[in-house]
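Asks: In case you want the letters, here they are:
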Amino acid sequence: MNEASVAARAAAAATPATRKSTVPTPATPATPTMPTTVSMAQALNSALRDAMRADPAVHVLGEDVGALGGVFRITDGLTAEFGPDRCLDTPLAEAGILGTAVGMAMYGLRPVVEMQFDAFAYPALEQLFSHVAKMRNRTAGRLPLPITVRIPYGGGIGGVEHHSDASEAYYTSTPGLHVVTPATVADAYGLLRASIASDDPVIFLEPKRLYWGKAGFDPAAPVEPIGRAVLRRTGSSAVLITYGPSLPVCLEAAEVAKAEGWDLAVLDLRTLVPFDDETVCRVVRSLGRAVVVHEATGFGGTGAEIAARVTERCFHHLAAPVLRVTGFDIPYPPPMLEHHHLPGVDRILDAVARLQWED
Amino acid sequence: MNEASVAARAAAAATPATRKSTVPTPATPATPTMPTTVSMAQALNSALRDAMRADPAVHVLGEDVGALGGVFRITDGLTAEFGPDRCLDTPLAEAGILGTAVGMAMYGLRPVVEMQFDAFAYPALEQLFSHVAKMRNRTAGRLPLPITVRIPYGGGIGGVEHHSDASEAYYTSTPGLHVVTPATVADAYGLLRASIASDDPVIFLEPKRLYWGKAGFDPAAPVEPIGRAVLRRTGSSAVLITYGPSLPVCLEAAEVAKAEGWDLAVLDLRTLVPFDDETVCRVVRSLGRAVVVHEATGFGGTGAEIAARVTERCFHHLAAPVLRVTGFDIPYPPPMLEHHHLPGVDRILDAVARLQWED
Amino acid sequence: MTVLDHRHHTAVPGWLPGATAPRTDPAPLLPDVSPVRVLGTPALEKYDPALLRELYRRLVVGRRYNQQATTLTKQGRLAVYPASTGQEACQVAAALALGEQDWLFPSYRDTLAVVSRGVDPLEALTLLRGNAHTGYDPRAVRTAPLCTPLATQAPHAVGLAHAARLGGEPVVALALLGDGGTSEGDFHEALNFAAVLQAPVVFLVQNNGYAISVPLTAQSAAPTLAHKAVGYGIPGRLVDGNDAPAVHSVLTEAVERARAGGGPTLVEALTYRIEAHTNADDATRYRDDTEVAAWREHDPILLMERALRELGVLDDTLVQDAADEAEALAARMRAEFHADAELDPMSMFTHVFAEPTPQLREQADQLAAELAAEAEVGHR
Amino acid sequence: MTVLDHRHHTAVPGWLPGATAPRTDPAPLLPDVSPVRVLGTPALEKYDPALLRELYRRLVVGRRYNQQATTLTKQGRLAVYPASTGQEACQVAAALALGEQDWLFPSYRDTLAVVSRGVDPLEALTLLRGNAHTGYDPRAVRTAPLCTPLATQAPHAVGLAHAARLGGEPVVALALLGDGGTSEGDFHEALNFAAVLQAPVVFLVQNNGYAISVPLTAQSAAPTLAHKAVGYGIPGRLVDGNDAPAVHSVLTEAVERARAGGGPTLVEALTYRIEAHTNADDATRYRDDTEVAAWREHDPILLMERALRELGVLDDTLVQDAADEAEALAARMRAEFHADAELDPMSMFTHVFAEPTPQLREQADQLAAELAAEAEVGHR
Ligand SMILES: Cc1ncc(C[n+]2csc(CCOP(=O)(O)OP(=O)(O)O)c2C)c(N)n1
Ligand SMILES: Cc1ncc(C[n+]2csc(CCOP(=O)(O)OP(=O)(O)O)c2C)c(N)n1
Ligand SMILES: [Mg+2]
Ligand SMILES: [Mg+2]
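Chains as they are written, first to last, in the numbering used here: chain A, 111 to 469; chain B, 111 to 469; chain C, 493 to 872; chain D, 493 to 872.
Isolated chain A, as found in the complex (with noise of 0.2 angstroms):
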């Protein structure tokens, strides 16, 4: 699969009529070097590096986000610019790290934390919920605590056991958390600087598969505010519902249907909490089919909460139950099985299929 061509059609079925900005003005320009046609990593970047210059508030910390600029590069160059002070090399602890930025933001920081693969955020789950998902609510709105925790999540890059977790659920399902996941590359930099504006604490899910991913892009050009989910393509047969990592499969699908005769809305959700119930029920009630995409097991998954919420909407609206292609209810398999376990082009149109197209 290409992804620099999935990710450009992608930015190409956004709708920019409906666009609208929540990305503050940045008070310095955008890195004046930007290149027209950037990876989702180098957009991560920018939006890390401009987040920076607009507030001395916003510091990043991590496990080799200094020096190394990260395993994934998404924070390179941010120590040369702003010193060690603002991007910090941490101790290798991610409870440490997280319980570490709750202290810095319950003094009036902003921090941004890299946990650096999906099951390595798993030790600071407890601060996780116990603490950045309630100490606003538990302060009775006295000490919210604007972290974003960034976390590079999903498969499909061949990683060894550990590094492949698609996580979304635990944190979907724990209230106080926002939960958000780019699909596209200018989504990438305008739901970074949204999350890092936000003032609560925002569970940042980067989808590693489409980190190297190319596309046109104008950081200056606003996107969708968080919250919202963008229709990426249109279509009058059913509406496959997805987000994040599983965004170009799902694009690729609804091409190929086409010459089964389907003619698939692709909706990408860009963020898992709050969910845009509006958007979500409003094409589903116009199509009557769904089908949820992701690669998360399926049990228990983030699909059976949109699966059900839009049943429990749209229940006379619907042709077919919303059925969920979903990875399956196993650990992540090595990467030489991987491509057996995720949502593929094939597994998505039989589930198309079944959407009782008799009646």
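Honestly, the hints are just simulated from the structure, not real lab data.
One or more of the hints may lead you astray.
As the list claims (entries may be wrong) - Some chain A residues flagged as far from chain B (calculated, every beta-carbon gap over 12 angstroms): (1) T147; (2) P233; (3) H272; (4) W467.
Said to hold, decoys possible - Computed cross-link-like contacts, DSSO-like style, restricted to lysine-lysine with a CA-CA straight-line distance of at most 30 angstroms: (5) B:K324 - C:K538; (6) A:K368 - A:K324; (7) B:K368 - B:K324; (8) A:K324 - D:K566.
Just so you know, these numbers come straight off a predicted model, no measurement behind them.
Backbone N, C-alpha and C fix where the C-beta goes; we use that ideal spot for every residue, glycine too.
Add chains B, C and D with the ligands to chain A, keeping to what the hints say.
Replies: Showing chains B, C and D with the ligands alone in chain A's frame:
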């Protein structure tokens, strides 16, 4: 609410005809002093004792499980009978406890871990997600981990923050774990014995607020195995699908519903993973209307999975969407407000009323 | 100026053979194994009598606070109370060792330290009363919420202290922990972060011998808990935790060293939990009355009164004044806690996020409708 | 007999004032700050020449193993390889210090230790090849799976050692960790459990100066990492990690003390990671070549060959034999890894549980159908 009478009612509602045993016959007879009416806490205590008597590989470890007998007294008397080698007061560190249990299980023991409260299991989530859930799989079946993790969970006991989390979604969305939660005294005994006897890791969720409810109980009587749901009350109008702490309120709601002309069935899932699709779908198909009830927050909760899969499988039998009655999407409130958060009879009946009875 | 310049990734000093001298000299980090003690020793004479009287007064008031709170649990006015009875010297000295700009990071057992810092008991006790999680404004009183998940407040203290240092403010953070809490991973990670960042933070471990039922011997095999400091490259100090002036002076020294850029300190205070873990606990299951009796002899207030009278800085009037103030506080607590707490169920939705999500708005509407229906029924 | 009787909840010794002597004498726990070294010192003469030759031979083979595995990544036959080049003395000595009944708990970097324990490279490297998570039978070879989540294997080692001790078996567990791993909470919790339980476990920290890009100075401010031991009440030892006989003797002493009931030991071995973190890493971003060059001079094989020749226990024949054995291993690896791995997608469902759940059976059927359809298409 009278816990004892509810539990008694629940026990009475079980259908003995379909019961069959999975509990290994104890090598030594059950505690001879076992009274005929016991609390769930006592039944759990008996289950541990009988399991330890039956199998020297069974070891209990956790915080305060020794002389104190656990803060809920579930391990009362075990150190006295089996010595500190078999029932171990550990240092105060949950990752250490579970990680040590992993090592013990690798050696061939059958550890039963007590987490003191739901939220205090969070420090152990990395061990749970990355090792306990995956070890059998990552070693091609060579290192199974027969660990039972007992977690008192949920609210309704006036606990202060971090003492009332209904945290089941974290476990049900993790492949590799069985998730079991009893709602009756008999199941507390039978399912705990079965969990300890299981060669797979089991998250055994104990509904705190049912600990003190009493019911007549015979430890020798077999119960349905892990993985089977049980109809606690038959009905002809709709079914309430529930588990653990919410069974009593569902039975109460069914009682009250009679006055409003609804004859509600109540299905106790008992096991969240593996899920009993067969029983659940059979009941839902026969009634056409279902409400899922749990006290955990709704968004991303286990109820989403239940609603989604039931809908996928029973779509054309449904007269109305499967509705959910759950805790709100908020951090658990302070004890003086908790009754507003927990699903009560009225909230359940409001949902039943929305099951589109007109058509 | 870059605060963290010294951490720049240049060469790796000291790791080539022939250059393996330790990065820090361990000797000064090691605690003296006999705890610092001043009561009953000539050292006490060097203390400011005003400070000694202040400590005494606060101890007496603190004890009464503990007693009154315990009584309130029996009357059902508090849901639960983890008393610091017997540990008042640590509680009071911790509060007094901090300046107004400093931050306190208390655990669930440390409401007396919070009250000693000036927070009203009604606000300090909402968590344990059950009407609200945190009753005070942490920023206003520079006191973090009472922390229940053990040791999780320790990295918060580090982060806050680090941020203040980056901001150029002379703020010190003091984290209160128990002996049991030292076993948690968060304790370790916090101390290591503090040491590496040279954050202005002080960790006070109130070693009261038990974590609920688990005695220290089953918690740690360390020579003393203060010995843990050396593994992080920071100083460890051991102090008699029932000796208020000693705790105060050890903490003050640590706080001032931190403020001056000298980095963190780990202080272990040896004390004893006279009451059960909380009113819900049954301490007879795991300890002997004789042990408690022995510690009652080493009571922080008893010791203090005896020593101050001997030193001639305390007389009957001051003793009476302290007792009166204590009674006044107790009376106020009775009055305030016997009134029912004001509760607003709708507040459950107000502070989940800065703005309620559409979903929360729906749920709030649902609850509002339910409450209206209930009120309707109640009205009829 | 009850193994843990000494932990019985009787009195709390030592915590009443006047009896504050430490529970353990800290002095013998503290590491000597100059690391144990025998190469180039007269101490070497006391070693069994057969052991020295065996260590040498394994070092040479180990280096070749590292080189070959690194080459395989370049040829795309391994997905990723974290080389232990430069750390072979630790890897080889760790494997040799253990008896057959003992257990090794390796991290991702320790495949050489696993291979040195007798596991076939093809089986030891499945994780990094990408065809299976764990390629060997952990029980058969008494070697835990390679552990990636840092320090999480440490409590496993404690649990296994503890269980074996309860079972009356003279088994010792050896956990391998990196300098970065010592910062994790699991490291702390494991050492504390080990000390409290007096479990027969040894922790070997291979301090190679870096955690990926983060140098030790940004990881810890401790005098040495071995100083962490005293905080748990166990002995800490510092050793030159490039001196194979020294590592072997320090580990053997610790293993035998553990086996004899003397409890756990923390060993810090000073070494250096000559290669980048993995083949995917770019080490030029965070360290100078001059630093690497300096450490190349202190190469474990160079040091060993020089010292053994000086001592007269190594000659050209033995050197040639070792080189031949190394080449034979490399040739076998090339042959084995150039064949494609056999893969069975259906195996993804086989070992999730003892019995597949109904849901997994459904999903397996789905995949089987997909595979059949694909085969059908391929067939046509
Ligand atoms: C992470 C976590 N695990 C378990 C608990 C339950 N718990 C509450 S207090 C306590 C004992 C704490 O002992 P210690 O740290 O010595 O403090 P003390 O109560 O003696 O003041 C335990 C186990 C908790 N609050 N948090
Ligand atoms: C819990 C966890 N966090 C982060 C990582 C990512 N990671 C892999 S290796 C590594 C550095 C480890 O350094 P060290 O412990 O010194 O071992 P070395 O690689 O030097 O052998 C990191 C951060 C991980 N594997 N596990
Ligand atoms: Mg204590
Ligand atoms: Mg290292």
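Asks: Could you tell me which of the numbered hints above are not met by this structure, giving the numbers in increasing order?
Replies: 2, 3, 5
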